[in-house]
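Using the sequences and the hints, build the whole thing.
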Amino acid sequence: MTDIAPAIELKGISKSFGPVKANKDISIRVMPGTIHGIIGENGAGKSTLMSILYGFYKADAGEVFIGGEKKNITDSQAAIAAGIGMVFQHFKLVENFTVLENIVLGAEDSGLLKPSLARARRELKSLADEYELNVDPDAVIQDVGVGMQQRVEILKALYRKADILILDEPTGVLTPAEADHLFRILENLRREGKTIILITHKLREIMDITDTVSVMRRGEMTATVKTSETNPPHLAELMVGRKVLLRVDKAPAQIGRKILEVKDLNVTDAKGVHRLKGISFDVHAGEILGIAGVAGNGQSELLEVLGGYEKATGSIMMNGEAIDLTGAKSDGQSRRKRGIAHVPEDRQREGLIMDFHAWENTGFGYHHDEKYQKNALFMDNAALKRDTEEKMARFDVRPPDPNLAAKSFSGGNQQKIVLAREIERNPDLLLIGQPTRGVDIGAIEFIHQQIVALRDQGKAILLVSVELEEILSLSDRIAVMFDGKIMGERMPQNTDEKELGLLMAGMTGGHS
Amino acid sequence: MDALPKWADVILIPVISILLAAVLSALVILAIGENPWDALKLMVDGALGSTYGWGYTIYYATNFIFTGLAVAIASQAKLFNIGGEGQALLGGLGVAVVCLYIPWPHWTLALLGAAAAAALFGAAWAAIPAFLQAKRGSHIVITTIMFNFIAAALLNYFLIGALKAPGMEPATAKFAETTHLPSFQDMFNFGETTFFRGAPANVTFFVALAACVFVWALVWRTRLGYEIRSFGESESAAKYAGINPTKIIMVTMLISGALAGMMAINNVQGEAERLVLNAAEGAGFIGIAVALMGRNHPFGVLLAALLFGFLYQGGAELALWTSIPRELIIVIQALVILFTGALDNMVRMPLARLFLAMRRA
Amino acid sequence: DPAILFDLGGKFDKSFNESAYNGAERWAAETGGTYAEVEIQSDAQREQAIRRFAESGANPIVMAGFSWATPLAEVAADYPDTKFTIIDMVVDAPNVRSVVFNEHEGSYLVGMMAAMASETGTVSFVGGMDIPLIRKFACGYAQGAMAANPDVTVISNMTGTTPAAWNDPVKGSELTLAQISQGSDVVFAAAGGTGVGVLQTAADSDILSIGVDANQNYLHSGEVLTSMMKRVDNAVYEAMSQGEMLETGFNVMGVANEGVGYALDEHNAELVSDEMKAAVDAAAAEMAAGTLVVHDYSSDETCPALDF
Amino acid sequence: MDLATLLQMLDATLRLATPLLLACLAGLYSERAGIFDIGLEGKMLAAAFLSAAIASVTGNVWLGLLAGIGASMALSLIHGLASITFRGNQLISGVAINFLAAGLTVVVAQSWFRQGGRTPQLSGDARFDSITLPFAETLRDVPVLGTIYYELISGHTILVYVALLLVPVTWWVLYRTRFGLRLRAVGENPAAVDTAGVSVVGLRFAAVAICGVLCGIAGAYLATALQAGFTKDMSAGRGYIALAALIFAKWRPWYALFSCLLFGFLQAMALRSDVVADVIGFALNGQLLDVLPFILVVVLTGFVGKATGPKAGGQAYVKER
Ligand SMILES: Nc1ncnc2c1ncn2[C@@H]1O[C@H](COP(=O)(O)OP(=O)(O)OP(=O)(O)O)[C@@H](O)[C@H]1O
Ligand SMILES: Nc1ncnc2c1ncn2[C@@H]1O[C@H](COP(=O)(O)OP(=O)(O)OP(=O)(O)O)[C@@H](O)[C@H]1O
Ligand SMILES: [Mg+2]
Ligand SMILES: [Mg+2]
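Residue numbers (our numbering), protein chains in the order written: chain A, 6 to 517; chain B, 855 to 1215; chain C, -4 to 303; chain D, 7 to 327.
Derived from the structure by calculation, the hints contain no laboratory data. Just so you know, not all the hints are guaranteed correct.
Unchecked claim - Listed next, the in silico DSS-like pairs over lysine-lysine satisfying Cα-Cα at most 30 Å (straight line): (1) K932(B) <-> K390(A); (2) K207(A) <-> K26(A); (3) K26(A) <-> K989(B); (4) K312(D) <-> K932(B); (5) K256(D) <-> K989(B); (6) K256(D) <-> K312(D).
Said to hold, decoys possible - Here's a subset of chain D near chain B, in silico, CB distances under 10 Å, partners left out: (7) I44; (8) L110; (9) V219; (10) Q293; (11) V304; (12) T314; (13) A322.
Said to hold, decoys possible - Stretch-level coverage of chain B by chain A, calculated; a stretch enters the list once three of its residues show a Cβ under 8 Å from a Cβ in chain A: (14) 987 to 999; (15) 1089 to 1096.
Ideal placement from N, C-alpha and C gives every residue a C-beta, glycine not left out.
Laid out in structure tokens, this is it:
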């Protein structure tokens, strides 16, 4: 160690949320001008630790040193004053404000807005030039893509003269190209002498860009290593506490009959925006069709239409029978009866009722099933509980307690509950959106195995994911969506991330 | 993430909250120069000290059970039904029409008929706000408030018009003898000792208890209840599960309106035995407080309704025998609502910390 | 001791209940006696209040307001030794004295005065809640105005349809202003607390107003033409004075026995001309003699002089 | 309908709209900051009482106004404590405040004045006088415009002009100042405000306090300008109507002006059965006329369609459970 003071030093940080100990006596040093990665399972306490550094949460114990000086970071104002900026996992932007207003918010010069906005506009331009951070200052946040939203968040920090930038899972919502762009920006920032902390679940990103990496597990900091001295399997093992298979093992697909046939599907949403533009594709028994694409290009609408809760025009044939798309004769319930199961993209908003018990969630969407009825009037709660216990055992849900509320399970386990419910229906077709979003490596491995097993039973699977790695390793066939259209289909063995990335950005004619 | 044991959540917190409300009420009573202890004794004695007092307490509680259940079931679907008052008034209209124009042979049949009419009229009054909410996105809070005003005018129209009995009063004629419901006095009359003498509590109380059981079973044991709760917890999840939002909003509000309307068999058929203006007397609004205090659970609603019945009857006795203005009761109600409903966390937060510390130790 | 039961408006409503209260106070002051009283807050308490007083030995028990009739009819027989007085409604029982007022007669008289005082030929009426009793006032008033001036225009408005209509002085004001803009220069308020706003606005706008029930002339001295007095106080005073020996039966208080009338005192002496006084007194005499019959809205729910 | 009648109705509209407008703007500040407030009614009532009480005791209407604002602020503080500090249910808190004001005003009035829950009648300096605007008298005889100026625009109490002025002021504060930016942000996404280093609690309390001030003025207007004293329940549901107007106005200041004027006009119309009968050609039944404004509100909200308020409205800002 030289005698340069670390940019950030945390000593003995502890934090509890009620009975949950999110951080236990954590210490960490980050040297100036470096990029420091933090990895760990869901709920390991990464976001909590960084939120403490940013003054969002108050630590129960511990000290913070910035540039060698002890700082008492009581709120975000203090953190900003200490030169810290943070881009949260879930962006903290005001949706109906413009980019400029979001940047100025909280950092205005005076009581009147006009001069502040004018200055911000000027500075934005120079920051944009300096770091390749292009944004349209007058665009309204809800109208711009997540990539730009993220740049706004970074600009917010830089506008406040941050020397230390924390990014919490920044690439989860980006295309490969956008992620590359982000990493270029981070490189620029590092070159300028800024210090960066990067939280991610993606080991490749850690390997590509960080200088050092810390691993967290169950609220504790288990290791800090130089990136150059480690490798992905080793990191995975540090995280999960056992060896993890990083590749999906699967046999070649045994393609069967046509299960789903989609023709010329069109959707226009409530605001009059044309979301799906003439989508057509098939899915066969025994295959996984992967749909790649940047979030917001119509994948969600496609799943909603197939799942029966969004109206559309066009035709869908399921097992050779037409499905009503007007919403008049067919809804989510009748789709389920026809053998379509659906793991939605957002488990917390759609797949689960967070305040319901696990056993109540087990019947969710299938509450009209014979086996859950006691008689003509009442549901059979005992049967639901028994069913839940079985499912929990089979899907290794932890803790296996049907009486816990869904919200008390971690993200990975919540996802397992949804999967158990849908897969155990033995459906002909499984729709599955973002199966591993925000899920840690250990759980990803399990979930991927389940999906492949279902395929091998001869079921049809439609997989929607923004994770190209996941698409490439699971799919037997890949379709890429952009702007409500299917840009093209590829076989996984004949393509790569680069080509798919171009298609996802709306550019055809890659090098296939 | 439950820092508090269940018993603390359902018993300890409400009790402490009520105590706080009581202390503040005592201060108000002191401030206007009366003795709070005497006032409390008078209230307890008047409301619970005799079967007669109980008869009144239970009568009021019966009203509040119905309106409380109405608010509670709507809340399960995250709908805020402020329209209980208007729905109860319309229920009264239904009861009056049925009792006046149909020659019932026996009170049991009259009760069934009146209950059906009350439910129907109450539901009808909830139907329009429900429809506007489901289909047009009109804020149900606005529409139900407006419908309270409209209901009052409608009742006024009938009571000084078509339904008015001869004479000065804007009221219907007395209902026929065969529609009169047995009061507690009739039911608990054991020769020499008559319980509940002169009190208005009547057989409707048992209907109210049945309504509690009905709502409980509906909400926690049936598919419809499951769908209502799902919709209330998460509209997006409900859509995913194939639950039709329009249907849930409509059905829930119809049930809610029907329950509020059924209050009329207690006050109109059971007590007044005719329909008078302003028959609901604010019970629709008390229902909001009752539901909130009862945590939207039928059993909680029952307990909270009894508490408010006690406040009403005790407060009446207070006004009867002291010079404390009757508005003081409104103040006490306000404090109870404030502490048990809105300032709940003021008690809960420190208590949770305490329990956590105890568990750690 | 006697007891008095007030109606929902409360004993300080500046009109009906307050008049009853004044009667009781006058009795207490003159005899040095004490009485029990209650203001109820709910219809269901009516029967309760009567029973509690009867059981506590109060006698006679006086109740002000027509809404007491139904509960009293049920209860009276249970307490044969207790005497009751009900005001504004008839209850047929051996131990009940029923006092009703010919409000239409008193209203007729002030209607005449209004029409005679009016320079515009338009007079108006503001009622509280739209109930038959208030229509009775309005109808008598309109008849009187038309008798004094056949060309008069009578405007009538009710404040509302809920009990809130008794306590909305703001709306009372606005109704008065609306009536003024239609030409009215004398307004009669029979609207409880709402009437406060009516009288205030009339005074602010320099037109004349007419009070109700109690003598309200003093509220805006020199600007209240008169008050339609309904001597509830006398009825209460008398009942209390008779004590346990209360004379039961049916008792009509009209112009003839000075149960209703108009108020004349130092506050309005200058407003009431001799000619006005003569005309009104003549009409009163005719009513007493039975030669002038004022139509009572509540007798058949129609009004020859006004549409509702 | 002639000009005089029209002017009278518009005049009444303005008077009736003023308390609605003040309460509506009060609600606007609060709800724009994410705090629902159905306690407007109670705050108005409390302010009406205390302003009249103090004006009557001191004989000074300005002291009365201050006291009214104080009473309303006290209730605002309770609402703030319940919904901001203790993250309670904002609707319940509002309901409780309405009950509290309805009861306490009468209890206190009775205990202070012994006039049956009323304050003594106010006169002279204890009341707001109407002011005649410059040149109103001279311009009075100028046809149409002069008449409109004299009859409609001039001759109201100062609080009416204050209320009208508050509309552009509110717009300016909301859209042109730092405070307004933050206020709007905290109602949409309090986490954004928090992470930008601004206190959510502070902003929300500020908004609730402004709401208290405006409700205070509204109440004082009822008791010391429109009326000459307090009578129980004299707010008579105006707080609820203001709330409806706010939703109808989609939480915007200029729309609030128009919706309050509309509601005021509907009420003014209900006062003029003769005009209504003239216009539609037949006389409406009294009860129908009485509820016509409410029916029209329901119809209009049906037409306006979904009004979505500030996104974070009604929810307490919870960082950690
Ligand atoms: N605001 C909060 N209130 C209560 N508990 C919380 C809160 N935030 C986090 N927790 C708890 O703290 C633990 C750590 O959460 P944290 O969000 O820091 O994990 P993480 O490592 O960022 O997980 P992920 O990879 O899913 O983002 C969680 O398991 C959760 O139980
Ligand atoms: N802000 C919060 N308040 C309360 N509980 C929380 C909060 N954040 C997380 N938790 C709880 O922590 C537990 C697990 O958190 P975890 O971070 O693993 O969830 P997650 O779904 O992986 O999060 P994310 O999707 O943000 O990555 C769950 O009980 C979750 O409800
Ligand atoms: Mg997380
Ligand atoms: Mg995290």
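Here is how each hint holds up against the structure:
With a C-alpha separation of about 26 Å, the suggested pair K932(B) and K390(A) falls inside the 30 Å cut-off, and the hint holds. At most 30 Å may separate the alpha-carbon atoms for a hinted pair to count; K207(A) and K26(A) meet this at roughly 25 Å. A distance of roughly 46 Å separates the Cα atoms of K26(A) and K989(B); the hinted pair therefore is violated under the 30 Å criterion. About 17 Å separates the Cα atoms of K312(D) and K932(B), which keeps this hinted pair within 30 Å; it holds.
Distance hint between K256(D) and K989(B) is fulfilled; the C-alpha atoms sit about 18 Å from each other, no more than 30 Å. Straight-line distance between C-alpha atoms of K256(D) and K312(D) comes to about 9 Å, which keeps the hinted pair within the 30 Å bound. Interface hint status for I44(D): upheld, as the beta-carbon distance to the closest one in chain B is roughly 8 Å, under 10 Å. Because the beta carbon of L110(D) sits about 5 Å from the nearest beta carbon in chain B, less than 10 Å, this interface hint is met.
Hint status for V219(D) relative to chain B: violated, with the closest Cβ pair at about 22 Å, above 10 Å. Restraint check, Q293(D) versus chain B: the minimum CB separation of about 4 Å is within 10 Å; hint holds. The restraint placing V304(D) at the interface with chain B holds, with a minimum CB-CB distance near 5 Å, inside the 10 Å limit. Interface hint at T314(D): satisfied, since its Cβ lies 8 Å from the closest Cβ of chain B, which is below the 10 Å cut-off.
With its C-beta approaching chain B no nearer than about 9 Å, A322(D) sits inside the 10 Å limit, and its interface hint holds. Given a C-beta distance limit of less than 8 Å, the hint that chain A covers the stretch 987 to 999 of chain B is violated, as 0 residues qualify and 3 are needed. Using a Cβ-Cβ cut-off of 8 Å, 6 residues of the stretch 1089 to 1096 of chain B lie near chain A, which meets the minimum of three, so the contact claim holds.
Checked against the numbered hints given earlier, this structure breaks hints 3, 9 and 14; the rest are met.
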